[in-house]
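For the protein sequence lines, the chains are A and B, in the order given. For the first sequence, my numbering assigns the number 1 to the initial residue and increments by one for each residue that follows. For the second sequence, my numbering assigns the number 1001 to the initial residue and increments by one for each residue that follows.
Treat the hints as calculated values from the structure; they're not laboratory data. Note that this is a predicted model, so its numbers are computed, not measured.
Here are the simulated distance ranges between beta carbons:
1) A:Pro392 to B:Val1171: 39 to 47 Å
2) B:Pro1174 to A:Asp507: 52 to 60 Å
3) B:Met1001 to A:Ile291: 26 to 34 Å
4) B:Gly1266 to A:Ile374: 49 to 57 Å
5) A:Asn492 to B:Asp1004: 49 to 57 Å
From the derived model, a few chain A residues whose C-beta atoms are all more than 10 Å from chain B:
6) Gly103
7) Glu215
8) Ser358
9) Pro363
10) Ile401
11) Ser493
12) Ser494
13) His495
14) Ile501
Computed list of lysine-lysine pairs in DSS-like fashion (alpha-carbon distance at most 30 Å, straight line):
15) A:Lys499 to A:Lys487
16) A:Lys82 to A:Lys478
17) A:Lys364 to A:Lys28
18) B:Lys1279 to A:Lys487
19) A:Lys491 to B:Lys1279
20) A:Lys323 to B:Lys1279
21) A:Lys323 to B:Lys1165
22) A:Lys82 to A:Lys499
23) B:Lys1279 to A:Lys478
Every residue gets a Cβ at the ideal spot worked out from N, C-alpha and C, and that includes glycine.
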Amino acid sequence: MFNFEITPLGNMFFGMSLLVFVSLFFVKNRDRDLMLHSLLLGSLAMIFYASDFITLFVGWEIMGWSSYFIIARTADVKTLQKYIVFNLGAAFALLGAIILIYGATGSFIYSEIDFSVVPKGLGIVISVLLLVAIFVKSGVMPFHYWVVDSYDKSNHIFSAILSAIISKVGIFAFILIFFRIITTEYLQESIFDIVAWLGVITSIAATFKAINEDEAKRLLAYSSIAQLGYIITILAVFGSVSIEGALYHTVVHTFVKLLLFINVAAIIYVSRESRFDRLGGLLYKYPINFILLVVGIIALAGVPPLAGFSSKFLIYTVLLEEKRGLLLAAVMFSSASAFLYSYKLVYGIYLGQRTSDSVDSYPKIPVSFYIPQIIGVLVLVVLGTTPGVIVPAFNSILTSIGMESVAYESIFVLGSNFASFNGGVIMGALGIIFVVILLFFVKLKNRAVRARDRFDISYCGEIPKADVNLHYGYGMGKELSRIGLVKLILKNSSHTLWKRISQIFADASNIMQRVYNISAQSVGLLIFTFFTILLFVGVK
Amino acid sequence: MFLDILIMLILAYSFGFLYYGLYRNISARVHGRFGPSIAQSFYDSIKLFTKDTSTSFGWMFYAGPIIMASGALMTVLFIPYLNHGDSLIGFSEYGNLIVVLYFMVLGPLGNALGVGSHGNPFGAMGIIRGLTRLIGLEMPFYIAVIGLMIASGTADIAEIMASQKETYNIVAHPLLFIAAFISFLGFMGKSPFDVVGAPAEVYSGPAVEFGGKFLALTLSQSAIFSFAKLLLMVNLFLGGADNLVDLVVKTFILFLAAVFVGNVYGRLTTSQSVDFLFKIPTVIAIVGLMFV
Chain A
1 MFNFEITPLG
11 NMFFGMSLLV
21 FVSLFFVKNR
31 DRDLMLHSLL
41 LGSLAMIFYA
51 SDFITLFVGW
61 EIMGWSSYFI
71 IARTADVKTL
81 QKYIVFNLGA
91 AFALLGAIIL
101 IYGATGSFIY
111 SEIDFSVVPK
121 GLGIVISVLL
131 LVAIFVKSGV
141 MPFHYWVVDS
151 YDKSNHIFSA
161 ILSAIISKVG
171 IFAFILIFFR
181 IITTEYLQES
191 IFDIVAWLGV
201 ITSIAATFKA
211 INEDEAKRLL
221 AYSSIAQLGY
231 IITILAVFGS
241 VSIEGALYHT
251 VVHTFVKLLL
261 FINVAAIIYV
271 SRESRFDRLG
281 GLLYKYPINF
291 ILLVVGIIAL
301 AGVPPLAGFS
311 SKFLIYTVLL
321 EEKRGLLLAA
331 VMFSSASAFL
341 YSYKLVYGIY
351 LGQRTSDSVD
361 SYPKIPVSFY
371 IPQIIGVLVL
381 VVLGTTPGVI
391 VPAFNSILTS
401 IGMESVAYES
411 IFVLGSNFAS
421 FNGGVIMGAL
431 GIIFVVILLF
441 FVKLKNRAVR
451 ARDRFDISYC
461 GEIPKADVNL
471 HYGYGMGKEL
481 SRIGLVKLIL
491 KNSSHTLWKR
501 ISQIFADASN
511 IMQRVYNISA
521 QSVGLLIFTF
531 FTILLFVGVK
Chain B
1001 MFLDILIMLI
1011 LAYSFGFLYY
1021 GLYRNISARV
1031 HGRFGPSIAQ
1041 SFYDSIKLFT
1051 KDTSTSFGWM
1061 FYAGPIIMAS
1071 GALMTVLFIP
1081 YLNHGDSLIG
1091 FSEYGNLIVV
1101 LYFMVLGPLG
1111 NALGVGSHGN
1121 PFGAMGIIRG
1131 LTRLIGLEMP
1141 FYIAVIGLMI
1151 ASGTADIAEI
1161 MASQKETYNI
1171 VAHPLLFIAA
1181 FISFLGFMGK
1191 SPFDVVGAPA
1201 EVYSGPAVEF
1211 GGKFLALTLS
1221 QSAIFSFAKL
1231 LLMVNLFLGG
1241 ADNLVDLVVK
1251 TFILFLAAVF
1261 VGNVYGRLTT
1271 SQSVDFLFKI
1281 PTVIAIVGLM
1291 FV
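When you get a sec, could you build the whole thing from the sequences and use the hints?
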């Protein structure tokens, strides 16, 4: 019934999922449900190793439903409604596309599908349906409507899984479908330009929404949407290097988000707060967690020497080589703005002033929370120092889906003909410079007095009173809305669009209801008319 | 290699402070004052390195300037000083323009972490203003740089310089230069796009909170960083320098242009300047990109 095949692409995605699931297994969680989590992992295996569309679809559905029940343990009805409507919509779109593909080519099996026989119009319809399914999973605007609430309301372990793994299923499907099965030329000319811009607009809008967000998990959810926007953009540009860039960013994003979500989860676990105006000043209470978060945001912002830079570099060089200057400018704009929400995240939680008197009584962070974070940091540091180390693995994926392999020089060097950089030298040089300056300053004698208390700051020439709010966690980033472009982005939301669409559906169902609610005589009349027409048609 | 790097750093430090001294002097003359001697900045820097910090706010407060300085040094070491030869190139053969652009933001990140750990809300406010302005400045600058990279077909700074043998990019792509120069004014901390670190508006900014040798480190890195930015502009638009004299002349012209513009204009608020940067220079840069 179900057909499976082991491919390098499936191996990579399933390997990452397995690593994430195993690392999260030990983390303390009040709402753990092992059965549903194993069902989810099984469904992921089904998706990643499927060799026909039916297996893919069944896996997709099991994934959707098992996630639903996990989210349902903690979330409210509204969140669940959003989740289920969008994910069912995605599943229907996928099913519709699969049926159309079968109708046109006569096969469900990947290797037997010859898409060149499909007429152009139908090909575009099928592609759009598939893209809708992918966009919902990856949260491309305007299909991201369910993402933020679901990430926010599900338990802290599952948020990490949603962001690190489930969102990547869309990326997997994109690569599988549009690079292996549907490889017709006309798609690249027609809809993929729009897809590329959709991805980048998603990332810009989500970046500014993230800056405006006051809750750690919601900020990370928007950041997740933004990062997946890049991946969609780069995939829509086509070519071997673009898949390399997309896969690289997929790996980096998986581990960055694993690190960041668990880091935030640890803070929520000990403090039971997730809003920036109720956290703050936890740096000296949880220094190790702080350093891990800083590593995470350096990678998230794409600053060398960590792996975040490697993937961004690939994305930029692809766009440069393809001479897509404007697209690249938009990507770089979004990437530069990501700095602000990265800083907001670290400031809101760890820097600034304490906002609660009970901080001293917070318990220690359980050791289990460090396991996924340390795995994330290790991956980011290793891929930052030796950025070329996974390029051979990507090459085997590329050859397996029939693409050309990309240039590979050594484990330290990453890049194409256009430009390359040596991660080892960057990491080494930065490390040496940092340590030299550090040693120089440690060696100098310092008689600095520790600030007496949190009010020992310069504050308009006065000593602030105890009830003065000294933490800038709430308002941070709000003033950006004074800038015209940002105001435009923040004012608009997909809420209006979906509200209008749901209104249309409500109206349509009202009309349907009127048909069903009519009196018995009218029904009799209708039946009579129907049979009369049938009779005439039959006579003819 | 080691000697090369050392000379590069010494050159960057001396030129940075020399230009800073000149800047103070020239602005003073514009204001009708005499101004301090040109060497005053050197004295300040050396004096401050021997002073202690009076109040400590924990280790992150100290780590901030160190990350900042590492970022500035890395930026300058990844930009070749001359447009030929194997000397004064630092690590530039292991990196490229994109690496340099990203190292330029490592400094602000370290600064932000350091100031944030201090606990003064006004410091964090200043940081947000600085980072917001940075986004505004990066937009036209990045588009201009993208234009140059596409035009030269490479992201390698040495090759971009080599491609300007016939005509400088300032002549070949004037619109890109104008856009990049407007951003460059802000990157150099000149009006109208500057955010002041010290008492004027962000009253509790980085330069106020850090004292003693950390202030010295902050000042030195900002001098080195300014030189790195001048160098980058010279390499990208003025064909790089043939020798050290050429380097001094070209960076000085660019520096002078920035100082004069900075002295004429008043400061815009952050939202005003970002609004402006998103509109006019960005549009100029996009039009320039169309011509590439």
